[in-house]
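**Student:** Each chain, letter by letter, is given below.
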Amino acid sequence: MKKQGLLNFSASALAVICGLVFGLVILLCTNPAQALPGLGIILKGGFADGMSGFGYMLYIATPIIMTGLSVGFAFRTGLFNIGASGQFTMGAFVAVYIGINWTWLPPQIHWIVALLGAAVGGAVWGLVPGILKAFRNVNEVISCIMMNYIGMYLVNHMIQSLIYDPLRSQTQPVSAGANIPKAGLDQLFSSNNLNIGILIAVVFVVLIYILIEKTTFGFELKACGMNRNASKYAGISVKKSLAMSMVIAGALAGIGGALMYLAGSGKYMQVLDVLSPEGFNGISVALLGLSNPIGILFAGIFIGYITVGGNNLQLLNFGPEIIDIIIAAIIYCGAFSLLFKHLIGKLIKRTKKEEESV
Amino acid sequence: MEYVIEMNHITKEFGNFKANDDITLQVKKGEIHALLGENGAGKSTLMSVLFGLYRPEKGEIKIHGRPVKIDNPNAANELGIGMVHQHFKLVHNFTVLESIVLGRETVKRGFLNMDEARKKIVALSERYKFQIDPDALISDITVGMQQRVEILKMLYCDNELLIFDEPTAVLTPQEIEELMKIMVQLVQEGKSIIFITHKLNEIKAVANRCTVLRKGKYIGTIEVADTSKEGMSEMMVGRKVNFVPEKKAQTPGDPVLEVEHLTIRSKHTGKNIVADVSFQVKRGEIVCIAGIDGNGQSELVSGITGLIPITGGKISLNGKDVTKESIRRKCIEGFAHIPEDRHKYGLVLDYSLQENLVLQSYYEKRFQKHGFLQFGAIRDYAQDLIQKFDIRSAHGATSVARGMSGGNQQKAIIARELDRNPEIVVAVQPVRGLDVGAIEYVHSQLIRQRDEGKAVLLVSFELDEVMDVSDRILVMFEGEIVADVRPEDVTIQELGLYMAGTKRRA
Chain A
0 MKKQGLLNFS
10 ASALAVICGL
20 VFGLVILLCT
30 NPAQALPGLG
40 IILKGGFADG
50 MSGFGYMLYI
60 ATPIIMTGLS
70 VGFAFRTGLF
80 NIGASGQFTM
90 GAFVAVYIGI
100 NWTWLPPQIH
110 WIVALLGAAV
120 GGAVWGLVPG
130 ILKAFRNVNE
140 VISCIMMNYI
150 GMYLVNHMIQ
160 SLIYDPLRSQ
170 TQPVSAGANI
180 PKAGLDQLFS
190 SNNLNIGILI
200 AVVFVVLIYI
210 LIEKTTFGFE
220 LKACGMNRNA
230 SKYAGISVKK
240 SLAMSMVIAG
250 ALAGIGGALM
260 YLAGSGKYMQ
270 VLDVLSPEGF
280 NGISVALLGL
290 SNPIGILFAG
300 IFIGYITVGG
310 NNLQLLNFGP
320 EIIDIIIAAI
330 IYCGAFSLLF
340 KHLIGKLIKR
350 TKKEEESV
Chain B
0 MEYVIEMNHI
10 TKEFGNFKAN
20 DDITLQVKKG
30 EIHALLGENG
40 AGKSTLMSVL
50 FGLYRPEKGE
60 IKIHGRPVKI
70 DNPNAANELG
80 IGMVHQHFKL
90 VHNFTVLESI
100 VLGRETVKRG
110 FLNMDEARKK
120 IVALSERYKF
130 QIDPDALISD
140 ITVGMQQRVE
150 ILKMLYCDNE
160 LLIFDEPTAV
170 LTPQEIEELM
180 KIMVQLVQEG
190 KSIIFITHKL
200 NEIKAVANRC
210 TVLRKGKYIG
220 TIEVADTSKE
230 GMSEMMVGRK
240 VNFVPEKKAQ
250 TPGDPVLEVE
260 HLTIRSKHTG
270 KNIVADVSFQ
280 VKRGEIVCIA
290 GIDGNGQSEL
300 VSGITGLIPI
310 TGGKISLNGK
320 DVTKESIRRK
330 CIEGFAHIPE
340 DRHKYGLVLD
350 YSLQENLVLQ
360 SYYEKRFQKH
370 GFLQFGAIRD
380 YAQDLIQKFD
390 IRSAHGATSV
400 ARGMSGGNQQ
410 KAIIARELDR
420 NPEIVVAVQP
430 VRGLDVGAIE
440 YVHSQLIRQR
450 DEGKAVLLVS
460 FELDEVMDVS
470 DRILVMFEGE
480 IVADVRPEDV
490 TIQELGLYMA
500 GTKRRA
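Chains A and B are the protein sequences, given in the same order. Start counting the first sequence at 0; every next residue gets the next number (numbering that gives the first Met the number 0). Start counting the second sequence at 0; every next residue gets the next number (numbering that gives the first Met the number 0).
What the hints contain is simulated information worked out from the structure, not anything from laboratory work. This structure is a prediction, so every number in the text was calculated from the model and none was measured. Keep in mind that the hints are not guaranteed to be accurate.
As the list claims (entries may be wrong) - Examples of chain A residues toward chain B, derived with CB under 10 Å:
1) K43
2) F46
3) D48
4) G217
5) A229
6) A233
Unchecked claim - Straight-line Cα separation of at most 27 Å, DSSO-like style, residue types lysine-lysine; simulated pairs:
7) A:K213 - B:K368
8) B:K216 - A:K348
9) A:K345 - B:K57
10) B:K107 - A:K238
11) A:K345 - B:K88
12) B:K88 - A:K238
13) A:K348 - B:K118
14) B:K319 - A:K231
15) B:K107 - B:K118
The beta-carbon is built from N, C-alpha and C at its ideal position, and this holds for glycine as well.
Hey, can you work out the whole structure from these sequences and the hints?
**Tutor:** Laid out in structure tokens, this is it:
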């Protein structure tokens, strides 16, 4: 069991190294003189600016850990939740709406209600493909993609008709009580953006880990993911399991949306015809973390780390596009961690064989 | 005497476990050489060594007297070794022709050129009377035909040594007979065959010599003509085996399972796959549903257990109507189901053995507390079953089910189903692909259920099993029960007539 964990870790690490080498090649192509210092900056990542950079990294990591959990959880139950983006957007909207309008709530619980609302919003958006899959066997990938667009346009419409600030072409600010408490973390890391969102994400990581590995419910969900026929034979309600998987996945992504827009960081929902990238980054995070909740936590933090490092590249006059390409390349290679896992496993086997034959 | 292939003193270890321990297999040209052994005796490992999938720790392989090194299946193929696997490796939406040339496509300027391949395949098919349509889709042809496609694939590659891995496990009696004819014709033309099986009748029928393995060890090679079936089975199992299970006479009690006017209509064709079937299974009775595969037996069982919806009829357990109950509910009420397809229904292959052993009971109080699985209790229970039912695997309770041998997978299912102390056991082809030792074991378990006053409903395509195990035989033909007889009142020939639909006595 321990060996397996080490294997998983080394596979992910190798994937990351490959991504970095690829990033270096891109740096060399665009600006050879600055390439090595550039790589240095990427590697320094979140540590470059001391505590504040570290805090910023955690802030960036929080929402993608949640979407990563969403995708990874669904994947463990045999579903490919490509709809995390739409669920994320729906969750964010509900959270912001509650944050702006339900000011009658006491501030201690205002943000909690907003989070719960986000979970419901995301869950509903996951439920639709879940039900279609369970009862009509509609491929969840297709229905999820459609739900992404429906979610995006619906939210755009609702923002404009309900909570729009036309001067700044974004949503109105949420009331102070709806912002997630900072609990001193902002001072500790001297980063205004950081709040207990990252801790909430960690709590969900642990919860999902327990749910998948330790409970009868997780046992059923996994069984459905691996063999639907045998699950049905064993009396597990496959339809319910499929729908529930998507509901939980959707809720996780939805909470991710809330954590991002209730951070009090000056980030507002805007009316753009763009699917939120956090949902898709969740897929990379889940792949890099090999769908293991703990792995996803670290994968999310890593991507936050790289993103901060990438942003610092601007000091060396690298264009923001180049930075995005490098980050994407690293994430892309991260997605190959499964391949690396396979390769490493083979390598170990071979060396073992040779050792034995000597 | 020159051998086509020799595997001398092969030893293959997995950790501390010796899957093959000093095994020697020598095949002469033009012979059918049977490889006999129980599940887990090391037959598959030995063949994997031959195919270069495993590298042995010790031993050598010679072909025509020359030592060779086989690192991968392609190398084996180039040396003229081909194999028909137990589970066919065919692409279902390919045509027969495409499946055969797959991997060896003839190409002209980058485009497929199938004409020559087609000619060769048609010629081969005619020579061996395969009656195969090269343009039929794999998914549309019968299992027997699919097997012929696999054989054609080997012949198409001009393989000299053909390995058949339990080829008869999936065939009907008629198909088995035809396969035997084909095998004999193949060796007459100079091919050599390794025939992996544990059906002694078949070895007797076609094989020249037979090598016996037991628990990874080489027991011996014998001339089939000089050895009796009993002798071979003793070599294989290491003790005397009862071919006919021992059964005490028993008078059946109250009905346990009552099926009334059960009808299942096909969604696609609109025809009744199961047509107005009524019967009872009583306490202390093994009722066997005989018939040729595809006459509605599978659907009948799936309908009874709830895997597929029924169109009409009533199912009662101990007098209680359970027609509309869920599968879980039926299971709690006392249904046990040993399914036909153990990979599709019986097991979650990527779960460990212990997880599979509690697949039907993980929700019970003893295995969970407030929704949390009690891994300690599950492990103890699994250990207990492993011991009681002698389930063998590499890592005990934590072995992944996928890596276990077929016989031990089946034992795991049987252990799980019977240990729940069910009222009725519905078993479909429970001994399919098992060796004599395991068959004896499964049958004795079913008979024990009966002797304890439980009811057993057994679906079987093998007449020996039908005659030996059952107390009452129902014959199904085209979705109807055409005969309800007792085994002592009927001959195998007569059963054959009922199964073919030419005679009725319901």
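**Student:** A separate judgement is required for each hint: does it hold in the structure or not?
**Tutor:** Tested hints:
no. : hint            : verdict
1   : K43             : violated, 41 Å
2   : F46             : violated, 39 Å
3   : D48             : violated, 43 Å
4   : G217            : holds, 8 Å
5   : A229            : holds, 5 Å
6   : A233            : holds, 5 Å
7   : A:K213 - B:K368 : holds, 11 Å
8   : B:K216 - A:K348 : holds, 25 Å
9   : A:K345 - B:K57  : holds, 21 Å
10  : B:K107 - A:K238 : violated, 50 Å
11  : A:K345 - B:K88  : holds, 23 Å
12  : B:K88 - A:K238  : violated, 31 Å
13  : A:K348 - B:K118 : violated, 44 Å
14  : B:K319 - A:K231 : holds, 23 Å
15  : B:K107 - B:K118 : holds, 16 Å
Going through the hint list in order, the structure does not satisfy hints 1, 2, 3, 10, 12 and 13.
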